[in-house]
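Trainee: Residue-level listing of the chains:
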Amino acid sequence: MTSRRVCLRFAKGLVFLLPLAFLGVFFIFPILALFDISLRPDGALDLSAFARLLTSDYYLGTLLFTVYQALISTIATLLLALPCAYVFARYRFPGRSLLLSLATLPFVLPTVVVALAFSAVLGERGLVNDMLRLLFSLDDAPIQLERSLAIIIIAHVFYNFSVALRIMTSYWSSMGFHAEEAARCLGANELAVWRDIRLPVIRPALLSAGALVFIFCFTSFGVVLILGGIRFATLEVQIYYQAVSIFNLPLAAALSLVQIASMLLMLLVYTATQRRLQLAHEGRSAHSARPHTRRERAAIATTVALMALLLFSPLAALVWRSLFIAGQFDIAGFTGLAEKTRASLLFTTPLEAVINSLRFALIATLAAVVLGTVASFMIEERGAWSRLVDPLFMLPLATSAVTLGFGFIVALDEPPLDLRSSWLIIPISHALVALPFVIRSVLPSLRAIPPSLGEAARVLGAREFTKLQTIDLPLVSRGLVVGATFAFTASMGEFGASLFVAQRESVTIPVVIYRLLGHPGLASYRQALAMSVILMLVCAGGFLLIERLRGVGVGEF
Amino acid sequence: MLHIKNVSHTYGKLVSLRDVSLRVGRRDIVCLLGPSGCGKTTLLRIIAGLETNYQGQLMLDGADIGSTPVHRRQFGLMFQDFALFPHMSVADNIAYGLLRRGIRRALAGAQVESLLERVGLAGMGDRDIASLSGGQKQRVALARSLAPNPRLLMLDEPLGSLDAQLRDQLALELRSLIKEQGLSAIYVTHDHREAYAVADRIAVMDVGSVEQVDTPRDLYLRPRSAFVARFLGMRNVFSLNHSRFTQEIGCMALPDEKRSDTLLIHPAGIRLGSSREGRMLYCDAQLQSKVFRGDYYDVSASIDEATTLFFAAPQVAAQIGDAVSLEVSLDAVIPL
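Going down the list, the protein sequences come from chains X and F. According to the numbering used here, the first sequence holds residues 1 to 557 in order. According to the numbering used here, the second sequence holds residues 558 to 893 in order.
Quick caveat, the hints were computed from the structure, so don't treat them as lab data. Do not take every clue at face value.
Pairwise CB distance ranges (calculated) [claimed, not checked]:
1. X/Y68 to F/G717: 49 to 55 Å
2. X/L397 to F/Q612: 53 to 59 Å
3. F/P643 to X/R458: 53 to 59 Å
4. F/P626 to X/L397: 46 to 52 Å
C-beta: ideal position from N, C-alpha, C; glycine also.
Starting from the given sequences, assemble the full structure and let the hints guide the process.
Mentor: So this is what it looks like as structure tokens:
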């Protein structure tokens, strides 16, 4: 081996170390710090925080409620998505693919926006209450959903409907409908077809979607915090309260560990359900048909109407609420963004937060894309350790944002890594959250490149680096853009971690929206609405870009 | 028994069936033979009740069944991809139709056992669908559609996904199983050799319409259109515009009743040599190709630039390019 080649291998090793080092310092270390603070708050082993968790009805109640609301939300989501998925998989109708991709929009919307959208449509000051008050000339709001379990669940259904819909629709399409047609020929009526064929056929997808939705609802933070408040505290909200309001760090850390453990358990279940899903894919072509009978047309119309109502009315209400006040067009919410409303509580103007958010998102995206691409190449090397590295980089996905943010402020507050007062801590935390998304977007395109392409390039005289530059990178560019867009929207909307790490002047849009909601008065509320609309537009733009690029099978979601 | 009356069907602007009429008699096996995309499968789906927007009538023993829902028709349909229920065992798949008819599970079990035996899968009732080979899946699908003793059995390219060797054997087994149970059947295929082996009558379909319905033997000997002849693999179809062959063969003019704008020279009536027997036409030709097929040679010989005859011959001594004499039986000259 020539010294040049040794040098090259050394350089490659160094580059590969980068994402590992990033993960080690900004993920493993903070998580270990959480272990430390919960198990050894004063330097010696002390399990009293855990003892309190397990003996107190209050904290057990929190855990129970977290599971309970996630379960109800999951069941509601599946019940609604199942018939819709069938209609989408079974029938061709105008606007079908448009509606199917639009249905994914809520999924990329920040939790703060969703929470605000639901308060704009169902809240006390919401559109529905306004209309009812006007219609029946009432003084009080007739629908009292704010700070109720119902509104949390409705928001969760809104959020996760598209996830369940997508998983089940694509699975159903791939399975085809010959089995149910065969059953009908053999004498099965509609009920028997659902019982004997459709439900058993869709079961793997139903379980997989259910597991995923349950995970999302279990770790839901922004929606529960804003729409529910402390009365409906889930684990996430409880961690936040314990750490920030009561400053009981050992207890908050203990709660975080419970959270991490449950996440790992749920992910194990999810991975198991997903493996069965992939096994069942036999690559049969889709078999959708035009609707013919009146019943089929009615089913389609109901599905479309339901989706429009559930998915688009909150967003429309949000925009309407931000532009009209008492029926009058008024954009004071937007124009006021450059002013400081409550100097005592907000250190910046909302407009500065917008600039902050954009700046952090760009930095986080850049970092996540570079690190994620290197990590993807590393995983794709097919070395003995790649099987170890792949799940390692997915771990941030398995850790809730609140836990991450909490870990950051606990771990990165003293030299040599004192980042607590630096704004850098925000884009770093965002990059960590975005990293798995980038890898999951780049890796499939990378794996889709046949090895023979690289070999052909090498035979034609390309050096290892030239091959990378001329073959691999151009072929993964689409996946890269998708990953980058995911990273950007994730960073723009990130709430849980930002709420912990954002300080004074370096607040982001979601944090400012949350703070504004805490202020009394219509002016702050309207500013919050205006900020939400801006955030929604940015994320919707990113979403459109992803959807346009996704056509050719990019991304593993 | 089943009378398909003037059935038409469109996919958007595409006409997939145009005014199709067909009768299927009791214990009759009718083959729908045609190229892919000719509407064979659509016709099956209409008969089964899976396709509901069509014009025309379906009469079963004189009663209109157009409004009977799929699950009450008591027709069997065997899908091209078999459509076995992946989440059920072999036995549960076969029992499914019996249970839907309200037959008790214990009784159904006994029937399933005997069916498994008849299709050669005895003792495999507990097997998982995924563990079966292609041929075994085919047998399970057949057993499943036979089990409820359907009033009409429809099979959509049931051997399509199997390899050639297995196909020949299974085609015969299929026919004897259907006959044994005394069923009426419609059998869809694009392979004319398979249709010859299985059918009592064959309906040849071109895009959207039935071109000819006949017994296999009559169809083979007397194709009634250029499309049918070509689809049965006969290549000696000549039209007046392209060849003087339609008027005369060699130096011999055709009798008046054989003259036509389009003419088929049936390959079975062509041979090499000049025996000068009666009702024969003779002509000189040049040997174009000979391909050894084992029991015979595939031969082509050209009469002139526009006219080449294809046929089979047991022995060919001549070399390619040699001059040969051909004799054509007058019976093999078929005006279309």
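Trainee: Holds or violated: the 53 to 59 Å window for the beta-carbon distance between F/P643 and X/R458?
Mentor: violated (43 Å)
Trainee: Do X/L397 and F/Q612 keep their Cβ atoms within the hinted range of 53 to 59 Å?
Mentor: Holds, at about 56 Å.
Trainee: Within 49 to 55 Å or not, the Cβ separation of X/Y68 and F/G717?
Mentor: holds (53 Å)
Trainee: I want to verify a distance hint. Is the separation of the beta carbons of F/P626 and X/L397 within 46 to 52 Å?
Mentor: holds (48 Å)
Checked against the numbered hints given earlier, the structure breaks only hint 3 and satisfies all the rest.
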